[in-house]
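> I would like the entire structure built from these sequences, with the hints used as guidance.
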Amino acid sequence: MQNIPPQVQAMLGQLESYQQQLQLVIQQKQKVQLELTEAKKALEELEKVDDGATIYKTVGTLIVRTKKGKAVEELKEKVETLEVRLNALERQEKKLNEKLKELTAQIQSALRPTAG
Numbered sequence: 052m053q054n055i056p057p058q059v060q061a062m063l064g065q066l067e068s069y070q071q072q073l074q075l076v077i078q079q080k081q082k083v084q085l086e087l088t089e090a091k092k093a094l095e096e097l098e099k100v101d102d103g104a105t106i107y108k109t110v111g112t113l114i115v116r117t118k119k120g121k122a123v124e125e126l127k128e129k130v131e132t133l134e135v136r137l138n139a140l141e142r143q144e145k146k147l148n149e150k151l152k153e154l155t156a157q158i159q160s161a162l163r164p165t166a167g
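Here the sequence shown stands for residues 52 to 167, numbered as in the numbering used here.
By construction, these hints were calculated from the structure, which means they are not laboratory data.
Here a beta-carbon is modelled for each residue, glycine too, at the ideal position from N, C-alpha and C.
Careful, some of the hints might be misleading.
Stated by the list, open to error - Quick list of simulated restraints, FRET-style, between CB atoms:
#, residue 1, residue 2, range
1, LEU151, LEU113, 36 to 46 Å
2, VAL59, THR117, 52 to 62 Å
3, PRO57, GLU134, 41 to 51 Å
4, TYR107, ASN148, 38 to 48 Å
5, PRO57, ALA93, 53 to 63 Å
6, ARG142, ALA104, 32 to 42 Å
7, VAL110, GLN72, 31 to 41 Å
8, GLN159, LYS121, 52 to 62 Å
9, LYS99, LEU137, 18 to 28 Å
What the hints assert, rightly or not - Computed cross-link-like contacts, BS3-like style, restricted to lysine-lysine with a CA-CA straight-line distance of at most 30 Å:
#, residue 1, residue 2
10, LYS108, LYS80
11, LYS80, LYS152
12, LYS82, LYS108
13, LYS108, LYS119
14, LYS127, LYS99
15, LYS118, LYS82
16, LYS127, LYS92
Below, the structure is given as structure tokens:
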């Protein structure tokens with residue numbers, strides 16, 4: 052395999068780049084999924100709390116008091132934003148997988164000995 056044509060070497064470089072991009076997308080997707088699960092769980096728990104109960108939320112390194120309605124609204128917005136982000140990452144992951152599959156096929160085709 053020492054004599055790999057420059058064209059195939061370029062494709063292999065592109066393949067490696069796609070694999071790295073895919074790995075980053077997968078890591079981001081996992082992080083967003085975790086945040087989404089946490090936000091949904093917090094929202095679920097918050098819905099159980101009485102309307103007059105004292106609610107606290109973290110803001111940076113502080114913990115501040117807030118109203119239940121405001122906290123619910125903020126969590127719903129966060130869930131919505133995370134779902135949009137997750138959908139975008141899933142589309143990106145799908146496109147990268149398709150590119151990887153296509154490029155792998157091209158590389159295999161280029162390396163196959165020609166019949167003659």
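> I'd like to know which numbered hints this structure contradicts. Please list them from smallest to largest.
Per hint list: zero violations.
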